Every structure is written in structure tokens, then in C-alpha cells.
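Participant: Residues per chain are reported as follows:
There are 2 protein chains.
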Amino acid sequence: MVEVHKSKMSLNGIQQPPYNRNKSIGRQFLEVAQIIGDVCLLFLYLLYSLGDAIYRYVVPPTPKSVKGEIVLITGAGHGMGKELAFLYASKGATVVGWDVNKKNNEETISEINQRGYPHAYAYYCDVSKRDSVFEVAKKVQQEVGDVTILINNAGIMPTHPILDQTQEEIERTFSINVLAHCWTMQAFLPAMKKNNRGHIVALSSCAGLFGLENLVPYCGSKFAVRGMMEALHEELRLEKLDRIELTTVCPYMVDTGLCKRPRVRFDRFMRLLTPEYAAKAIMKAQQTNMKLVTVPNYMLSLTNYVRLFPLKGAIYVKDFINAGLESDL
Amino acid sequence: MVEVHKSKMSLNGIQQPPYNRNKSIGRQFLEVAQIIGDVCLLFLYLLYSLGDAIYRYVVPPTPKSVKGEIVLITGAGHGMGKELAFLYASKGATVVGWDVNKKNNEETISEINQRGYPHAYAYYCDVSKRDSVFEVAKKVQQEVGDVTILINNAGIMPTHPILDQTQEEIERTFSINVLAHCWTMQAFLPAMKKNNRGHIVALSSCAGLFGLENLVPYCGSKFAVRGMMEALHEELRLEKLDRIELTTVCPYMVDTGLCKRPRVRFDRFMRLLTPEYAAKAIMKAQQTNMKLVTVPNYMLSLTNYVRLFPLKGAIYVKDFINAGLESDL
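For the protein sequence lines, the chains are Y and X, in the order given.
When we follow this note's numbering, the leftmost residue of the first sequence carries the number 1, and every step to the right adds one.
When we follow this note's numbering, the leftmost residue of the second sequence carries the number 1001, and every step to the right adds one.
Bear in mind the hints are in silico, worked out from the structure with no lab data behind them.
Be aware that one or more of the hints could be misleading.
Here are the computed lysine to aspartate or glutamate pairs in the EDC-like style, where the Cα-Cα straight-line distance is at most 16 Å [unchecked claim]:
{"#": "1", "chain 1": "X", "residue 1": "K1091", "chain 2": "X", "residue 2": "D1255"}
{"#": "2", "chain 1": "X", "residue 1": "K1129", "chain 2": "Y", "residue 2": "D38"}
{"#": "3", "chain 1": "X", "residue 1": "K1284", "chain 2": "X", "residue 2": "D1267"}
{"#": "4", "chain 1": "X", "residue 1": "K1318", "chain 2": "Y", "residue 2": "D38"}
Reference listing, derived: stretches of chain X covered by chain Y, where coverage requires no fewer than 3 residues with Cβ under 8 Å from a Cβ of chain Y [what the hints assert, rightly or not]:
{"#": "5", "region": "1068-1081"}
{"#": "6", "region": "1091-1100"}
{"#": "7", "region": "1106-1120"}
{"#": "8", "region": "1138-1151"}
{"#": "9", "region": "1171-1179"}
{"#": "10", "region": "1200-1214"}
Label-pair ranges, simulated between beta-carbon atoms [stated by the list, open to error]:
{"#": "11", "chain 1": "Y", "residue 1": "G37", "chain 2": "X", "residue 2": "R1172", "range": "51 to 57 Å"}
{"#": "12", "chain 1": "Y", "residue 1": "V59", "chain 2": "X", "residue 2": "R1261", "range": "42 to 48 Å"}
{"#": "13", "chain 1": "X", "residue 1": "T1288", "chain 2": "Y", "residue 2": "V59", "range": "44 to 50 Å"}
{"#": "14", "chain 1": "X", "residue 1": "G1145", "chain 2": "Y", "residue 2": "L50", "range": "43 to 49 Å"}
All of these numbers come straight from a predicted model, not from anything done at the bench.
Backbone N, C-alpha and C define an ideal beta-carbon position, used for all residues, glycine too.
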């Protein structure tokens, strides 16, 4: 029978029901010894991780080549997606552009061809629809080959107070910014897993690191991307698929047309990023196997440090920086 | 004409195009002086926020009364929702239980009535459908009154690798765990705004703080909840609606039936929480106007500190704790 021991453990000031234990003293002793050993090891590992990060900072890793890779970019008809398509093509990758805007997408690809890079292909795809993703993915596999770098870039950003967001806007925000990532993962991961080789890049946002007014659904969607990529990273790691890399990128406001009414206090240090600049930073993050980066770099550390303060403190920092988006209504 | 100044500012190692400036030296000087002043103020504010937090820790705020409040709880037929319904009723609140499981919901409410609290009402509602939310919200308003405390608790958690998650599971995870929060916000915020009074509680999860294997869509949905609540907090703050409180709660694994195959290493300190325990912690967080809490409390600080380490370090901590959910397939 299980012996019930009345412990007085209390968390959050509320008492938990008593803890059942049925372990011998000897076994408990061994467990404690093991834990102490593991704690020591953990501290050594943590020190190592810091040392490794410092080393990587001083001696940055060489960007890996993308020559011969098949790069699929969603939302290639516009903004960062378009710039990414140019960049990857110029470095010798085969580019597969997806967009729901057929005309823009074909323009991107034909511009690439005109610049002298023949390996670029345009496909119409509504990434918010799973059937559409799977159908076009199959075509790409047959006509171009296995996608080795997937860049989930397509996104929308309706910018107004939650009560003014329409049902359609909210649903589309999640189906394009979040669910589409699930569908493309499901379509392209199997081949990457089979080869234990590949790279998935997901576009989150600084609005996926902290909440901003007028962007309730958008912030939700960009937080979600970060969460899904972290979870997927754990899945692949535990399956020992150590050659499938994941990169999540959180750009600050980018001048792609999505930011209609930006508010920037420090226009010297925090003005809108150009799509070219953001695309270069994304590509660099991918080529150096970064897991999570912000553009500019310092936003991630800033956020992490500010999160150590109570919310009140974080809000003072936000008000000091005073950057955000006004409602576009 | 705008004078173009060739600055060599470089972020992420990539050069931004030159910065346009058309400000006089005098104006620039004033701006710099203002910024220096603001930085000093910011540090004082940050110190104040720390002092305030320490004070609140030493002298915890008195929980506010919920007597006479109209509390709407989604997913009241089961688990934490059911326990919350009991707790709020027992403290004199009027309880409105919503659930898509009519039988369970009515059982919760009739149990409350049997315990001698007559002010409890059951409504069938599929929170994932906006029309359903608005229709039932109107009925509640007419039959019970304006909801003053909204607890977005309903949620599902399909637990298996991303490639085994069905389309329906992924879509339902987001429509129940995330979109439903948008619909209930849109349904109940207008009255709260009119009265500048109310409280919205959202159930996120520790899986909304860090990614876990087998939970790609679920982690996405719970990260999203956190992001949306932070964004909404900013919206209300900037509208000066300072008496509408928001509370986001991230429980660790709770024994509600959702966690089918939990894996726990430190079963003394990290075993599954009982729904009663989690519900008490949620109610306490609401009554003390906490913005973001984890259950147990220490998980939030732990996560924030671990995030200061490189990802490699964070993974060592995760492996050390070794708690998670195995696939339920």
C-alpha cells in the first residue's frame, strides 16, 4: 500500500495535497546524490554554454554556402520575401517563390532570371490552405526537387484595436501567420527527416517578443511562431535529427508597406528597417545556424533583461523607447 | 532639401543605408539633453518598480472581494474550469458556466446550486465559433447581467509530434485556445470599457513560456495567449482604462485528463498539479491583480533567468529538469 506522508509543501501560498512516497531511505539517498552530481554538471554545462557564446561572438562562424540548395520562400512577391529571393539566387541557390499574388511573384522570379540566374521558379500558393500547400509542394518536389531550405515569410498585419479587428482579419492573421507554418512543416519536414538535412526559417517579429497596442492578434500570431519553433526544435533534438536546423527571426519594424503608421522616437537608432537590410540579416542568421535572432541584434538581449523587471518597469522602458504602430483605421 | 549624411551605422554586421537628417545643431543638442534626462528618470522608475515589487512580496496585497461579481468561466464542465466555478460561487460571485459539453456544464452548475449557492447558470457555447459566442453573450447579458470577470479557460492539448497532428487538431487547437479569446474579448470588453471596470483572466501554460516536444501547435497557442494579453494590456493602458485588469496564468502540468502521459523527474517538487490547487492559484492571481503568474510561482523567474543563457544552456536546464509529455498516440 502507498504510504501517505503529510508534507506541508506550499507553493503560491496554497497548500498542495500530501505527497505520496513509497521509496526506501537508501533509494532516496542515492537519488539525492545523483541530483547533487547533476546540479554540479549543470553549472559546468551552463558555464560552457556561456564560454561557447562568447567564443562565437569573438570568432563568428563562417556562413555556410547555399549553393545548390533549393530554397522555398513564401510571400516571395513582396517586401522581405522578394529581397530574400534575390539574395539566395545571387548566392547560387535554386529559388522557389510562393505567393498568393501571382503577378508579384512572377515579377520577382522573372527579375531574378533577368539578372542571369536561371534557377528560379514561381508557384501560386495560398499558404493558409493545407490542401493548397500539399498540392503545390508535390509539384515543386516533382519539378524542382526536395526543398532543403524553407523560409516561412508570408504574413499579414492588421493594425487596429482589438474591438475594430474583423472576424476575417483575425482568422486570416492566424491562418497565414501561424497555421501556414504548420502546413509547410508537414509538407517539407518528411524529406528533411529522411535525409537528416535541411533548414526551416520562420519569420516572427519583435511583436512576437513583447505585446504592442493595435496588434493583439498579430502579437498572438508572432508569439505563436516563436513557441512552435521552440517546440519543433525540441522534437528534432530528441529525435537526434541534428542536421535539420531551425532559425526564428524577429525583425523590428520593416518598411514593407505593412507598417502603415509607425511611431518612432529615436529615429537615428530605431528607424524602420529596409526590406533589403532585414533580408540580409535573415540570410546571415540562416547561414550561421542561429536559433533565434532579432533584427537589430540587441533587441533580444534588451527584451530578456527587461523581462527580469516587474511589468511596471518593463512599461517604463517601453514608454521611454516609444516606438510602435498607430491604428491604420 | 534633405541633407543626406553618410553614417556608418551597422547593425547585425550589415550596413544600413545612410541616415537622413535635417535638424539644426541647436535642436539636436536639446534632444540629446532631453534623452539624458529621460534615461536618468528611467533608471529611477526601474528602481521604483523593483522596490514596489519587493514591497508587494513582503506585504502581499489583500485579495479583492469577488462578492456580487458576475464571473464567466469557459470550459466550466471540467478540470480547472469546474474548480474555478466552485471557488467563485463559494466566495459570493454569480457564476456563468460555458461549455460545449452540455451535460458536464450542467452538472457543475447543479452541484454549485446543491452546495447552497443559487446564483450559478449554465450555458451551452462553442467558444471557437464567433457567432455562438456573441449569441450566448447577449443571452447572458439579458438574463444575468454584465460579465465583470471573464475567465478564458477552455482549451485542448493534442500531444504528439507535428507530423502526426491532423489538420483538424491543429485548427481546433488555435480556434479554441486562441481565437476564442478574441471572440470573448470582443463580446465582453465593450461593457467593461463603458464602465471602466472588469477583469479578464486568460489561461496560458508553462508551454506558453518555453517550447516542448509533442506540443508544437499547443505551445504556439499558449505563446499566442501570452502575446495577445500583453498587447491588450498596452491597448487598455494607453486608453487609460486603468480599472480593467488583465491576468495571464501559466500553470505547469495539471492533472485534468489533458496530460495523458506526463514525464516528471522531480516528482516531489514538480509532480502534476491538482485542478483544485491550480484553480486556487488562478483565483488568487485574479484577486491580487497579478499580470502574469506561473503555477508554481517560481517557474516564471526560472524561465526569465534561463533565457539569459544561450539556447544551449537553456537546453541543459530542460534536460536536467526532464519534465514533459510523451506522445499520446
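Participant: With reference to the structure, classify each hint as holding or not holding.
Facilitator: For each hint, the structure was consulted:
no. : hint                        : result
1   : X/K1091 x X/D1255           : violated (24 Å)
2   : X/K1129 x Y/D38             : violated (48 Å)
3   : X/K1284 x X/D1267           : violated (25 Å)
4   : X/K1318 x Y/D38             : holds (12 Å)
5   : 1068-1081                   : violated (count 0)
6   : 1091-1100                   : violated (count 0)
7   : 1106-1120                   : violated (count 0)
8   : 1138-1151                   : violated (count 0)
9   : 1171-1179                   : holds (count 4)
10  : 1200-1214                   : holds (count 7)
11  : Y/G37 x X/R1172: 51 to 57 Å : violated (44 Å)
12  : Y/V59 x X/R1261: 42 to 48 Å : holds (43 Å)
13  : X/T1288 x Y/V59: 44 to 50 Å : holds (49 Å)
14  : X/G1145 x Y/L50: 43 to 49 Å : violated (56 Å)
In terms of the numbered hints stated before, the structure departs from hints 1, 2, 3, 5, 6, 7, 8, 11, 14, listed from lowest to highest.
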